[in-house]
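Asks: Just so you know, the sequences run in chain order A, B, C and D.
Per the working numbering, the very first residue in the first sequence carries number 1; after that it's consecutive.
Per the working numbering, the very first residue in the second sequence carries number 1; after that it's consecutive.
Per the working numbering, the very first residue in the third sequence carries number 1; after that it's consecutive.
Per the working numbering, the very first residue in the fourth sequence carries number 1; after that it's consecutive.
To be clear, the hints were calculated from the coordinates, so they are not data collected in a lab.
Worth double-checking, as some hints may not be accurate.
[Unchecked claim] Below are the SDA-like pairs computed for lysine to any residue, each with C-alpha atoms no more than 25 Å apart in a straight line: (1) D:185 - D:11; (2) A:185 - B:19; (3) B:268 - B:331; (4) B:185 - A:55; (5) A:185 - B:185; (6) B:268 - B:135; (7) C:268 - C:137; (8) D:185 - D:200; (9) C:185 - D:37; (10) B:185 - A:48; (11) C:185 - D:55; (12) C:268 - A:48; (13) B:185 - B:168; (14) D:185 - A:284; (15) A:268 - A:185; (16) D:185 - D:38; (17) A:185 - B:256; (18) D:185 - C:39; (19) B:185 - A:37; (20) D:185 - D:110; (21) D:268 - B:185.
4 protein chains.
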Amino acid sequence: MIRTAIIGATGYTGFELLGLLSRHPHVTLDYVTSRADAGRPIGALYPTRQPMVLSDVEALPLDEIDLLFVALPHAAAAPFVARGLTAGCRVIDLSADFRLRDAASYRQWYGADHPAPALLAEAVYGLTEWARPALGDCRLVANPGCYPTSILLALAPLLAAGRLADATIIADSKSGTSGAGRAPKVATLFAEVSDNLTPYAIGHAHRHSAEVEQEMAALGGDAAPRGLLFSPHLLPVTRGILSTLYLPWRDALSEAALRDLYANHYTKEPFIWLLPAGETATLAHSVGTNRCTISLHPVPERGHLIIVSTLDNLLKGAAGQAVQNMNVMFGWDERAGLTA
Amino acid sequence: MIRTAIIGATGYTGFELLGLLSRHPHVTLDYVTSRADAGRPIGALYPTRQPMVLSDVEALPLDEIDLLFVALPHAAAAPFVARGLTAGCRVIDLSADFRLRDAASYRQWYGADHPAPALLAEAVYGLTEWARPALGDCRLVANPGCYPTSILLALAPLLAAGRLADATIIADSKSGTSGAGRAPKVATLFAEVSDNLTPYAIGHAHRHSAEVEQEMAALGGDAAPRGLLFSPHLLPVTRGILSTLYLPWRDALSEAALRDLYANHYTKEPFIWLLPAGETATLAHSVGTNRCTISLHPVPERGHLIIVSTLDNLLKGAAGQAVQNMNVMFGWDERAGLTA
Amino acid sequence: MIRTAIIGATGYTGFELLGLLSRHPHVTLDYVTSRADAGRPIGALYPTRQPMVLSDVEALPLDEIDLLFVALPHAAAAPFVARGLTAGCRVIDLSADFRLRDAASYRQWYGADHPAPALLAEAVYGLTEWARPALGDCRLVANPGCYPTSILLALAPLLAAGRLADATIIADSKSGTSGAGRAPKVATLFAEVSDNLTPYAIGHAHRHSAEVEQEMAALGGDAAPRGLLFSPHLLPVTRGILSTLYLPWRDALSEAALRDLYANHYTKEPFIWLLPAGETATLAHSVGTNRCTISLHPVPERGHLIIVSTLDNLLKGAAGQAVQNMNVMFGWDERAGLTA
Amino acid sequence: MIRTAIIGATGYTGFELLGLLSRHPHVTLDYVTSRADAGRPIGALYPTRQPMVLSDVEALPLDEIDLLFVALPHAAAAPFVARGLTAGCRVIDLSADFRLRDAASYRQWYGADHPAPALLAEAVYGLTEWARPALGDCRLVANPGCYPTSILLALAPLLAAGRLADATIIADSKSGTSGAGRAPKVATLFAEVSDNLTPYAIGHAHRHSAEVEQEMAALGGDAAPRGLLFSPHLLPVTRGILSTLYLPWRDALSEAALRDLYANHYTKEPFIWLLPAGETATLAHSVGTNRCTISLHPVPERGHLIIVSTLDNLLKGAAGQAVQNMNVMFGWDERAGLTA
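Work out the full structure, taking the sequences as your base and the hints as a guide.
Replies: Below, the structure is given as structure tokens:
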């Protein structure tokens with residue numbers, strides 16, 4: 001049993017993580033913090049029988065913690081990541097602070113200097129299925145964004161095979177509102193979201209674009225795509241992301257070879273569900289699980305391949321992938337605590 | 001054509017009223033105000049082609065206005081009502097400030113002294129179908145609450161006939177979230193309301209209880225009911241209220257006599273839809289219209305009468321009834337501007 | 001490990017049960033049947049990785065089965081219950097066929113003669129928390145209806161204490177659409193249910209009225225209530241039932257004594273969540289769990305007690321309670337397979 | 001006043017049309033038909049006070065009708081279109097039967113020989129804003145599909161300007177469930193659609209692909225695009241279509257020139273709402289109106305233009321555009337009956 005804590009447990013992601021860790025067979029969850037609600041039980045904020053009481057982050061005894069989860073907004077997270085590492089904790093950061101490897105890029109997309117640039121070099125981008133070798137010994141994991149996870153898992157076999165050189169990838173993504181957080185805003189009120197669909201930050205304006213492009217370059221190497229066109233839409237659902245990906249498909253790879261390529265990577269993966277030909281991924285394939293479901297739809301008569309990818313933004317897109325990364329970091333069965 | 005203005009046009013009720021008045025055949029809508037958004041077009045706040053620009057309320061030339069609509073929160077509304085009356089406007093107040101006739105009762109339920117008690121005596125409680133004689137000459141209309149409208153219209157024929165003496169009335173009401181306003185709160189976020197149903201202030205705790213009990217007493221006179229048990233529930237819909245009413249039913253009134261009683265009052269009403277035996281009111285009967293739909297369900301083998309009543313909380317429950325009241329005040333066809 | 005089978009696994013209840021049993025630590029799920037879809041994998045009907053293939057019910061080797069679950073519509077279930085018992089299986093019937101103890105009552109409410117009246121006498125009404133002594137040795141469990149479970153668990157402490165003598169109980173219940181089954185009908189299409197709320201069979205017309213009244217009489221004995229007024233409403237949610245119960249409350253029981261009475265019965269129950277004063281049960285307290293959440297709301301100034309009760313209609317209201325009953329029947333930890 | 005009738009008035013489109021025509025200032029709606037429900041009032045099928053009674057189509061006196069609307073499924077519609085024309089009616093067909101100009105294409109996409117190929121040549125494809133010259137004198141209008149209307153209105157200015165030569169257009173479209181009709185199916189049950197998002201017939205498999213490609217070729221002429229990649233998704237809303245369009249954008253047209261091009265075509269259109277730079281079309285911009293809302297999003301750094309287009313699938317995507325077409329056919333104000 002290792003000892004864990006969550007800094008920032010009252011947002012949707014933090015609360016999901018609280019649930020996962022409190023049922024995990026190999027960890028104790030010793031502290032959960034909240035600045036605004038310190039001293040209150042988590043049951044005062046959510047309809048849960050979970051009895052934990054929120055602590056003030058400043059009172060957190062970091063030296064008692066083996067693994068620290070940070071679930072704060074970007075910029076707020078990095079200082080606590082640094083403190084955790086200094087105190088000897090390993091850290092999984094669920095914010096965006098350590099996803100971009102380059103401090104200049106961070107400044108460009110997040111509009112401020114990086115709060116802890118010295119730590120960028122050692123952070124491991126934790127897209128679990130593609131990051132295992134680096135996770136075992138690392139101190140710091142940058143847990144990927146929800147949209148990037150849905151897009152990158154769908155593209156990775158083609159990227160790694162060098163099949164997307166020079167392509168512009170189009171990702172038309174649709175997300176539930178829990179991804180927008182629990183801080184009240186007009187845009188996420190029921191009366192605004194229900195019966196509606198809202199595209200936002202479309203084109204090349206959403207911060208996750210930078211994250212996807214960085215990782216496409218890393219996975220693609222010399223044969224990396226040219227770039228990403230990314231259009232998120234706010235769906236009238238609470239959980240789930242569906243990304244519909246459009247890729248130019250003019251080369252010689254047959255459909256059979258394509259399916260083999262994906263099967264070779266993903267058939268044995270516990271949290272990737274590769275659908276057979278003729279089936280299409282929907283939110284219902286993934287929501288409530290740590291799975292990413294992927295379906296492949298070649299359209300040779302129009303020179304494109306469409307890939308549909310779905311996941312639960314709070315599980316495989318956030319807290320679930322964090323637990324999966326923990327399982328790899330500590331050498332446990334990767335499914336521990338995630339199969340309920 | 002009369003000249004109108006709305007104080008507080010950016011909430012859901014105010015915006016609904018803006019739409020109704022801007023299409024009304026007998027009025028011009030000259031000013032709409034918002035303290036927070038003065039200077040901005042209404043199109044910056046809602047996806048509408050309506051071109052009006054919000055004014056600051058302090059700049060409102062009250063002497064140019066014939067009829068003033070006040071759509072502010074309680075306590076905030078009364079001072080502007082008073083200013084409007086002083087300037088010679090007639091006023092329809094959509095807040096709760098003039099619904100309770102008694103300043104002591106206001107203090108008890110709203111937790112503060114009434115801001116303009118001298119005006120209470122002349123305010124007409126604008127449940128249109130039962131208030132017409134008083135509306136013609138009045139200066140000030142207290143537009144009823146959404147829940148009270150749904151409950152009182154369903155009970156009024158029995159109340160007026162003295163058939164509910166000493167009864168305790170049970171009103172189990174369910175409302176869409178637009179009734180809770182557009183100010184962001186956790187409780188009305190999509191992720192909290194969707195897939196959920198939330199009772200609140202049940203029993204005798206909601207302010208609308210006092211309003212209904214006052215009007216039950218007024219309509220019932222010597223044969224008024226003993227009181228109301230009122231349980232509102234927040235529904236995962238944007239618009240609509242459905243009230244399921246339970247009344248003891250042990251007297252000699254036959255089902256035929258009951259239906260006749262309601263038919264005599266309501267068959268010719270343009271905005272009451274009395275359903276025939278065998279049909280049940282649903283939200284879909286009323287939402288998007290200014291109607292109150294009512295169905296009667298005697299259950300003699302269990303000694304009760306059930307009445308189901310539905311309306312659109314932003315129309316018959318707020319802005320629509322305000323326009324209906326205006327139509328009566330000025331002697332126009334009561335349906336003007338409301339039948340689209 | 002015991003061997004189990006489900007007859008009728010493709011409806012929402014049967015599929016939920018399939019999921020629970022396939023993850024249960026003490027059973028193997030050996031057969032799942034469907035007349036219409038025999039030979040197809042369950043994954044052809046639902047987005048699930050569960051690999052079981054549906055069998056034809058006629059090919060089911062009943063002599064290999066220890067415990068048979070029947071999840072068919074009423075009237076269709078009873079013949080298979082009889083066959084299972086004859087073959088030596090113990091049986092949990094999730095239909096309504098063995099809930100009413102009296103064949104005449106069955107004929108009145110279900111409009112046909114009972115298909116297997118000789119078995120009525122031995123069926124145990126499986127409201128688990130109140131049925132444990134009878135469950136241990138029984139052959140046949142009649143799993144309660146979803147609405148009755150929500151109503152009876154909320155009333156049982158008062159019934160057993162004789163505190164509801166001669167009362168007429170009012171149950172205003174609201175249910176998600178999964179309770180209406182997966183057979184397509186206009187009334188359960190998304191376009192009909194969304195943005196709507198539909199009361200149906202209100203008063204004393206729904207079959208679950210008879211079931212509740214029977215059990216109120218059984219629990220109440222000489223001090224049983226006079227009867228039930230029951231109004232179900234179809235909610236725009238998929239899962240969950242919330243019942244708002246209105247009880248006359250004119251006797252000498254104090255609020256403290258009331259809360260003690262409930263606490264004595266329920267504090268140690270793993271699947272009853274009794275909320276403290278000041279909190280109100282919502283769907284979110286129960287959906288996705290096998291819990292029934294109960295909150296008590298005395299309204300002495302209006303002579304009533306309100307109780308709010310919520311559960312997940314597919315879990316505590318159907319498949320979850322069936323598994324809970326199985327756990328008691330076989331002497332296992334009552335939470336086995338239900339705490340995920 | 002002209003005399004009109006609707007063949008097939010009980011589906012969502014037919015019922016919407018019934019509402020529009022019954023409030024239209026220049027027509028009488030004399031007959032509405034339904035084979036399955038002949039003899040019943042429309043109020044037995046929908047919660048409406050509209051009193052019309054459904055007729056059997058065989059009893060329809062076509063010689064009394066000036067304009068016949070046919071709202072039947074494809075293949076069922078064409079024979080009635082032919083009968084209407086023979087009887088001297090003008091006809092607006094809301095089915096797909098006369099949208100494809102070529103009988104061979106119809107056979108390929110609809111899997112059967114065209115029922116009335118002799119009439120194909122004279123049918124006018126009624127995308128109103130681009131079809132006015134042909135509508136004045138025509139006898140037969142093929143009312144466009146809902147998805148094609150959303151896509152073609154968004155592309156038409158570029159197509160007509162020859163700016164999309166050789167491009168492959170990607171249309172990622174999302175639709176509410178009313179577009180799937182009122183015939184009950186598992187796929188459109190509330191419990192399947194809610195909390196879900198389902199892509200279907202993606203790539204080049206949906207019949208509307210053929211319709212869009214035909215009209216892209218017609219509008220584009222020598223500079224027509226190469227083809228369409230079309231991915232519809234079923235949204236958890238009842239009404240509305242949002243199409244996100246991806247166009248290669250490598251030529252010399254500046255953003256200012258692009259906006260001028262669209263403004264020149266659309267600024268004066270009553271039913272096209274062209275949003276200014278910085279705003280994005282959502283369902284809420286269009287649902288409940290006959291509008292198509294369009295926003296332009298150039299992404300020069302990724303070589304693409306994104307266009308977002310929204311409409312109400314039952315109004316501008318079906319019944320509303322049918323009325324708009326009627327208004328042009330008869331020389332009335334194009335907004336008649338459509339601005340409520």
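Asks: Taking the hints in turn, state whether each one holds.
Replies: Evaluation of the provided hints:
| no. | hint | in the structure |
| --- | --- | --- |
| 1 | D:185 - D:11 | holds (14 Å) |
| 2 | A:185 - B:19 | holds (24 Å) |
| 3 | B:268 - B:331 | holds (18 Å) |
| 4 | B:185 - A:55 | holds (24 Å) |
| 5 | A:185 - B:185 | holds (7 Å) |
| 6 | B:268 - B:135 | holds (19 Å) |
| 7 | C:268 - C:137 | holds (24 Å) |
| 8 | D:185 - D:200 | holds (15 Å) |
| 9 | C:185 - D:37 | holds (16 Å) |
| 10 | B:185 - A:48 | holds (20 Å) |
| 11 | C:185 - D:55 | holds (24 Å) |
| 12 | C:268 - A:48 | holds (17 Å) |
| 13 | B:185 - B:168 | violated (34 Å) |
| 14 | D:185 - A:284 | holds (17 Å) |
| 15 | A:268 - A:185 | violated (42 Å) |
| 16 | D:185 - D:38 | holds (23 Å) |
| 17 | A:185 - B:256 | violated (52 Å) |
| 18 | D:185 - C:39 | holds (22 Å) |
| 19 | B:185 - A:37 | holds (16 Å) |
| 20 | D:185 - D:110 | holds (20 Å) |
| 21 | D:268 - B:185 | violated (40 Å) |
Of the numbered hints given earlier, the model fails hints 13, 15, 17, 21; all others are met.
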